[in-house]
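Visitor: For this one, chain A is given, so just place chain B on it according to the hints.
Read off the chains here:
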Amino acid sequence: MELGCTGKILVVDLTTGGIQTQTVADAVYENFLSGLGLGAWYLYHNIEPHADPLGPQNVLGFVAGFLTGSGSLFSGRWLVVGKSPLTGCWGEANAGGSFAPAIKQCGFDAIFFSGISPRPVYLFADGNRAELRDATDIWGLDAGATEARLDAMHPGRKRPRIACIGPAGERQSLIAGVVHDGGRLAARAGLGAVMGAKRLKALALAGSQRIKVAHRPEVLRLSRDVSAMVQHQPPFVSGKVAAYLGRLVRALPTQMETDGLIYKTILRKWGTVGMNQMSIEMGDAPVQNWRGTHHDFDLDTSSRLAPDVFTRPVVAKYFCYSCPLGCGALVEGAPGKPRTHRPEYETVMALGPLCMNADAESIFQMNEMLNQAGMDSISAGATIAFAMECYEHGLITRADTDGLALTWGNSAAMVALIDRMIRREGIGDLLADGSRMAARRIGAGSERFAIHAGGQELPMHDSRFDPGFALHYTVEPAPGRHTVGSLLYYEMFQLWRQIETLPDPSRFYLKRSKYDTDVEKARMAAACSQFVNLINAAGICLFGAFLGVHRLPVFQWLDAVGGRPRSPVDYLRIGVNIQTVRQAFNFRQGIDPLAVRVSDRALGRPPQSRGANEGRSVAVEKLVEEYFGQFDWDRHTGRPRDSDLKKIGL
Amino acid sequence: MAYTITDSCIGCGMCKLVCPVEAIEGQPRKDHRILAPRCIDCGACGRICPQEAVKDPSGHVCQRIRLRRRWPKPRISELACIGCTVCIQSCPTSCLGLTAPGGSVESVRQAMLVSPEACIGCGICATDCPVAAIEMVAPEPF
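Residue numbers (the numbering used here), protein chains in the order written: chain A, 1193 to 1842; chain B, 580 to 721.
Isolated chain B (complex conformation):
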């Protein structure tokens, strides 16, 4: 399963820029298309497309979220996170990292969003977290 681009595409190239796995091809002002084997279902193309020309794997048209800062971000529960680093490895943009060492043998470095600007709001970290410690939350409007 993969995302698809409809013929509403105007070839602006925004999706191609945001795609973390180079799964979108197309020339400027020409129809773009998603290479299904490469697509990791992150949905970033759907959130950025000004034409709302992207469909998710279920066939629903993705809703654009105009301001990237409003895209959902991972909120990591300090109580639940066990520091297993699954989310860090899963993240396609390496926007997660570990907290600073606490300075003792008891210190567990937990996951944290270290590069919010790199986050594409895909939620793969939340999907993969083995202990359900991550929830995707849209930042409050200013």
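Chain A with its partners taken away, still in its complex shape:
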């Protein structure tokens, strides 16, 4: 494969220190494209059944997308893949920054690590060499200090791009992630713990290789059109009005099909925190460990976490590689500390209303602590909310917490608790592996307060508000992820414009129709899974995909870069293949997909008695079989057919 890809992967055995460059057959790219697909293909073949996620058999991969480095926009996403120690299932985590092109510029589409190093090491690669180097001196440093030190240690012409773990990953916290650029995290699935278990502190990549593209002028022409559209920013309402819009959405019995342009406008103006108050008001953001409502965290309270509160200290927008949107932002650090990243929506909600905390200052502080330690802020916030509910019910006492009063909204206690979780001290050690593991350790019925899917804490999108999330939290090979699909995402992707067989949702509909369990919902969910698999194989950002396929020319870019035109249906077939190989991966690891469940509370069992999601419960089980059927897997077990696996070379 010469166009769009390098055709090569770097395979590192950390136990022996052996490093190999391997050529990947064209058929693999044909079936799986690159990025997530390449990672899934490699891990399926190279992780032994029932492997210990923190043992030497697990393989950790860093993959870059097919479109990265081609001149296309929104193509700066990279993924970490491996068997998740948090869920035991397929694990993947996605991040931006500038690490994705750095992988390809070293001449590889992906870098895989197996084994366990006898001492801390980091990988240095620059296109001409790839070496494991001693990391004893940087082991123990937080993420920012690690990057600064590695940057100073490599004063070559090309500055290295770095991905590393912080102390949380080193201590194998099962909710640890991989950090890049001072606070962009590939956070989910606990893959930072895998890196820590392998004693791999960092990757420093300083290559300059070029990516060959079939029709670069066409790629650039498409990019210029997208950029012009994204740069156009219509005047938009103030943050306060957005909150009232959320209230309106809650009050109306009907809903309107959502166009991603609205979301783009919010993201460009405020970043993801633009949804802070709106989400609480309309019932999208869970409150008080998923048992509360907007009554418990009312508009006056949430105004302390308003979008403008988080944009006030901003000094500049932060753009990932090849992004024309810039949803990130840099804020002034604490006195004596460097500039840092603004907290994202998920972080604010997990450390805010989920724990009944309205102290924005504490959220800035905790965000920075988690970023530097390399710990997932969603899982950390959700685990603290779990601990607070246990504390309320007397399952954890002040004696267990070494004096911390884990009452709802006690921000000072939250800051102290996060510090202990990072250090694994006392109660922090109990909670550092997420809520499911903590519930097992605490016992006494505390499992009912751990809100997760298959062990992964749920993100800040309420499955009772958009039941599409409930299905994806349940059926995805990587459970509990909000970055794959929902009814809202389906509306924004607008795939039916290019694939006529897909259902075209009504422009206006009754909200209660969202809870109908018809086949159409399963088809929409399967289309989301396929499309998001494709964009993760291409390296495209989900926020770009929200613009819709009629505005973001993903298929046209793929044609122009690869030089082998395919129809959108054929491209989605790649998404099917990726879903199938990941599902087969889970079966090989002994995972029964039907045993992966979302906690009852998040499905409205029992339903809430008030609030935006009052009386709602989601009959997700009824859709699971239909969803499996969309991929031609066994409808009752979810097992992919052997004939299908053979067709894609497995």
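Please keep in mind that the hints were generated in silico from the structure rather than gathered at the bench.
Worth double-checking, as some hints may not be accurate.
Under the rule of at most 16 Å between Cα atoms (straight-line distance), these lysine to aspartate or glutamate pairs were calculated in the EDC-like manner [claimed, not checked]:
hint, chain 1, residue 1, chain 2, residue 2
1, A, Lys1461, B, Glu685
2, A, Lys1404, B, Asp620
3, A, Lys1200, A, Glu1222
Guide: This is chain B only, laid out in the frame that chain A set:
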């Protein structure tokens, strides 16, 4: 495709020094050669070679530009640059960076030439810029 060195080479080693990706090998006063898989077509070897012994991928002999300060440099349009950092990542010598933060949420840090002395005039930034905001311009003679 890659650049090549002809037998006019005198082995002075200038190309080897300027090459940003260590794609040129050869002993002093011996013929040098370019390792095609490593070459990124930056053309710096052609601009520096005193013998004009370098051919571009089309087979044309590269013209020497005697003074390095006259080598083309990127001129970045403030109006067109969207701050996407593609050029910064593409640059083989990390000579591009971002402007200082403007101090507000509207502030977009644009690309700028932060280390002109490191620039090798390759134009990869201009080729890769997705919004055609970069043009390679030879500095005016003094």
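Visitor: Any hints this thing doesn't respect? Which numbers, in order?
Guide: none
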